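Protein chains: 2
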Amino acid sequence: MEVLILGSNSAAFAYGRHHTAQILKNDNKFFLIDCGEGTQIQMRRYKVKLSRIHAIFISHLHGDHYFGLTGLLNTMHLFGREAKLRLVGPPGLRDVVSLQLSMSRTSLSYPIEFTEWIPETEQLVYEDQKLTVTTIPLDHRIDCSGYFFIEKPKPIRISREAIPDQLSQAEAILLKKGEDVLNLDGSLKFKNEDVTLPPNPSYSYAYCSDTKYMPELAEKIKNTNLIYHESSFTEEMAERATSTFHSTARQAAQVAKDAKANGLLLGHFSSRYSTLDGFLTEAREIFEETELAIEGQTFKVV
Amino acid sequence: MEVLILGSNSAAFAYGRHHTAQILKNDNKFFLIDCGEGTQIQMRRYKVKLSRIHAIFISHLHGDHYFGLTGLLNTMHLFGREAKLRLVGPPGLRDVVSLQLSMSRTSLSYPIEFTEWIPETEQLVYEDQKLTVTTIPLDHRIDCSGYFFIEKPKPIRISREAIPDQLSQAEAILLKKGEDVLNLDGSLKFKNEDVTLPPNPSYSYAYCSDTKYMPELAEKIKNTNLIYHESSFTEEMAERATSTFHSTARQAAQVAKDAKANGLLLGHFSSRYSTLDGFLTEAREIFEETELAIEGQTFKVV
Chain A
1 MEVLILGSNS AAFAYGRHHT AQILKNDNKF FLIDCGEGTQ IQMRRYKVKL SRIHAIFISH
61 LHGDHYFGLT GLLNTMHLFG REAKLRLVGP PGLRDVVSLQ LSMSRTSLSY PIEFTEWIPE
121 TEQLVYEDQK LTVTTIPLDH RIDCSGYFFI EKPKPIRISR EAIPDQLSQA EAILLKKGED
181 VLNLDGSLKF KNEDVTLPPN PSYSYAYCSD TKYMPELAEK IKNTNLIYHE SSFTEEMAER
241 ATSTFHSTAR QAAQVAKDAK ANGLLLGHFS SRYSTLDGFL TEAREIFEET ELAIEGQTFK
301 VV
Chain B
1 MEVLILGSNS AAFAYGRHHT AQILKNDNKF FLIDCGEGTQ IQMRRYKVKL SRIHAIFISH
61 LHGDHYFGLT GLLNTMHLFG REAKLRLVGP PGLRDVVSLQ LSMSRTSLSY PIEFTEWIPE
121 TEQLVYEDQK LTVTTIPLDH RIDCSGYFFI EKPKPIRISR EAIPDQLSQA EAILLKKGED
181 VLNLDGSLKF KNEDVTLPPN PSYSYAYCSD TKYMPELAEK IKNTNLIYHE SSFTEEMAER
241 ATSTFHSTAR QAAQVAKDAK ANGLLLGHFS SRYSTLDGFL TEAREIFEET ELAIEGQTFK
301 VV
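So the protein sequences, as listed, match chains A and B.
Note that the working numbering numbers the first sequence so that position 6 is 6, with each residue one more than the last.
Note that the working numbering numbers the second sequence so that position 71 is 71, with each residue one more than the last.
If you are wondering where the hints come from, they were derived from the structure by calculation, not from laboratory data.
Incorrect hints may have been included.
Per label pair, the in silico range of CB-to-CB distance [stated by the list, open to error]:
#1 A:Lys-300 to B:Glu-289: 53 to 59 Å
#2 A:Glu-82 to B:Glu-113: 39 to 45 Å
#3 B:Phe-79 to A:Asn-262: 38 to 44 Å
#4 A:Arg-240 to B:Glu-239: 54 to 60 Å
Sample of chain A residues at the chain B side, in silico, Cβ under 8 Å [to be verified]:
#5 Phe-13
#6 Gly-38
#7 Ile-41
#8 Arg-44
#9 Val-48
#10 Phe-67
#11 Thr-70
#12 Leu-78
#13 Gly-92
#14 Leu-99
#15 Gln-100
#16 Ile-142
Okay, derived cross-link-like pairs now, SDA-like style, lysine to any residue, Cα gap no bigger than 25 Å in a straight line [what the hints assert, rightly or not]:
#17 B:Lys-29 to B:Leu-182
#18 A:Lys-47 to B:Arg-45
#19 B:Lys-47 to A:Leu-108
#20 B:Lys-47 to A:Leu-276
#21 B:Lys-47 to A:Ser-271
#22 B:Lys-212 to A:Leu-78
#23 A:Lys-130 to A:Gly-263
Note that this is a predicted model, so its numbers are computed, not measured.
Backbone N, C-alpha and C fix where the C-beta goes; we use that ideal spot for every residue, glycine too.
Extracted from the complex, chain A is given alone in its bound form:
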């Protein structure tokens, strides 16, 4: 898994920073997470093919997190998309998109499968062969949810050293299921544990969108590989962070530390900050493995 940052600013555009949007790439599927105004322009800038987007997850209905959505859906339509698009978000998202499409009398060239989550509830909102996505209820001024992307356990690996000869497909399937391979007479051809290796690790990514500091959040995303956590402010603005239901860099770092994450990405910077060094310094005092969600950069989930 890796994350490409398309936008990292809150509220108003500033200092070349755009509204929130990022792409999680997993096993050739692209998941767009939030879609602020101008996201499709940013996707063009960073050479993301619209047709690769498999599902879109919107955290809440503040404009800086979704005002690029219907425009993007429109452009996919103009490009003749046919594949189904999964669209996950808060209650009301469907109404807004539907109203905009109906006003323009647009009948999309592809189907959308909407999933509107139930506020303040941890809920499975997406599942495919490789991963699940559950909501992470957050504490913001309106219903808001993060998304927890968790890879499913991966198959047992076959040791090429232990089996130098070519396996048949049927044999490989058995071994990956954890079973032995028998000869025609019922005798053992390969004992599973002798010829296999443990699965590759499964990774997880916790996208924590706009929220007041939630000490209890760490427990819910314990041992995540990579956390994205908003940090609209640095600590000298802690009161404003609390009153506007946002977090500081230090608070985001505390969540990552308590969750024993491997890494932390900070984003959603307030327009009042012309430079971002202060965020990094402040967070790293608490949690060393912190990076800034700089637009155009890609971060591996490890």
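Knowing the structure of chain A, use the given hints to seat chain B on it.
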């Protein structure tokens, strides 16, 4: 009057060209005409202060003409705007904006005065001391209207040569009204026609948004100083222009020629064109005073 182009592309972003938006500057008032996604970013790029925007005119509810609107309204709110904003557009615009604001529980810091026009009707939708704006019904796939900005007649000018001495305010007001100035005894102090000059000319700007070629349009905007007319295509795509209710560069030029305009601005270029020279060449064969609506450029209405 002058026009600053913020976006000139149709449908999808392409070749660095953005969705439709432009600013008409008149007597220190700024009028934003259409507001595609990313308009607020373009305004920042070209150093347009949001607080200068006095009124916004939306031509129709295709996303490439208004998906930047609610984001812009939001940003004006974040910047603490207090002055009333006039917002003019098609029926339904208010519903979309209201739904988006209610979903984000935003109560704007300033009042909006909405005017939704009646489709297929020429209608006065804005008036101030200096100008009027009337709708120009167009022929598109959904209700769509251009806007005709017409400066009111300007006052008679007082000839500084004919009256070298300083006038009192009261005397100047009388003269500008076209009246004579009398002495206390009723005798003539200044005969109006002796000491005044004709008013400066009044200018007009016709913004013709998405439309199929309408030969009858020219008559409605006769003798306009400057016409903006969409030209999504060049002539080799004339059939597609007609079937999608758009115009070619040649058709736009024909409108300008028939209207006896002083100038023509072409815009709303299809994403299929990487360069725009063909539009200019084609239009100038019909109407020499044609320019391309290049983003960031300002065109005087003369």
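These are the hints, each one checked on the structure:
1. A:Lys-300 to B:Glu-289: 53 to 59 Å: Because 57 Å falls inside the window, the suggested range holds.
2. A:Glu-82 to B:Glu-113: 39 to 45 Å: holds, 43 Å
3. B:Phe-79 to A:Asn-262: 38 to 44 Å: holds, 39 Å
4. A:Arg-240 to B:Glu-239: 54 to 60 Å: Holds - the Cβ-Cβ distance for Arg-240 (chain A) and Glu-239 (chain B), about 58 Å, lies within 54 to 60 Å.
5. Phe-13: holds, 5 Å
6. Gly-38: With a minimum Cβ separation of about 5 Å from chain B (threshold 8 Å), the hint on Gly-38 (chain A) holds.
7. Ile-41: It holds, given that the least Cβ distance between Ile-41 (chain A) and chain B is near 5 Å, below 8 Å.
8. Arg-44: holds, 6 Å
9. Val-48: Violated: closest Cβ of chain B sits about 13 Å from Val-48 (chain A), beyond 8 Å.
10. Phe-67: holds, 5 Å
11. Thr-70: Constraint on Thr-70 (chain A) satisfied, holds at 6 Å.
12. Leu-78: holds, 5 Å
13. Gly-92: It holds, given that the least Cβ distance between Gly-92 (chain A) and chain B is near 5 Å, below 8 Å.
14. Leu-99: Constraint on Leu-99 (chain A) satisfied, holds at 6 Å.
15. Gln-100: Result: holds, 6 Å to nearest chain B Cβ.
16. Ile-142: holds, 5 Å
17. B:Lys-29 to B:Leu-182: violated, 37 Å
18. A:Lys-47 to B:Arg-45: The given pair, whose Cα atoms are some 22 Å apart, holds under the 25 Å limit.
19. B:Lys-47 to A:Leu-108: Judged against 25 Å, a Cα distance of about 36 Å means the pair is violated.
20. B:Lys-47 to A:Leu-276: At roughly 23 Å apart (the allowed maximum being 25 Å), Leu-276 (chain A) and Lys-47 (chain B) satisfy the hint.
21. B:Lys-47 to A:Ser-271: Given pair Lys-47 (chain B), Ser-271 (chain A) holds - Cα atoms ~17 Å apart, limit 25 Å.
22. B:Lys-212 to A:Leu-78: holds, 19 Å
23. A:Lys-130 to A:Gly-263: holds, 22 Å
Comparing the model with each earlier hint shows violations of hints 9, 17 and 19; every other hint is respected.
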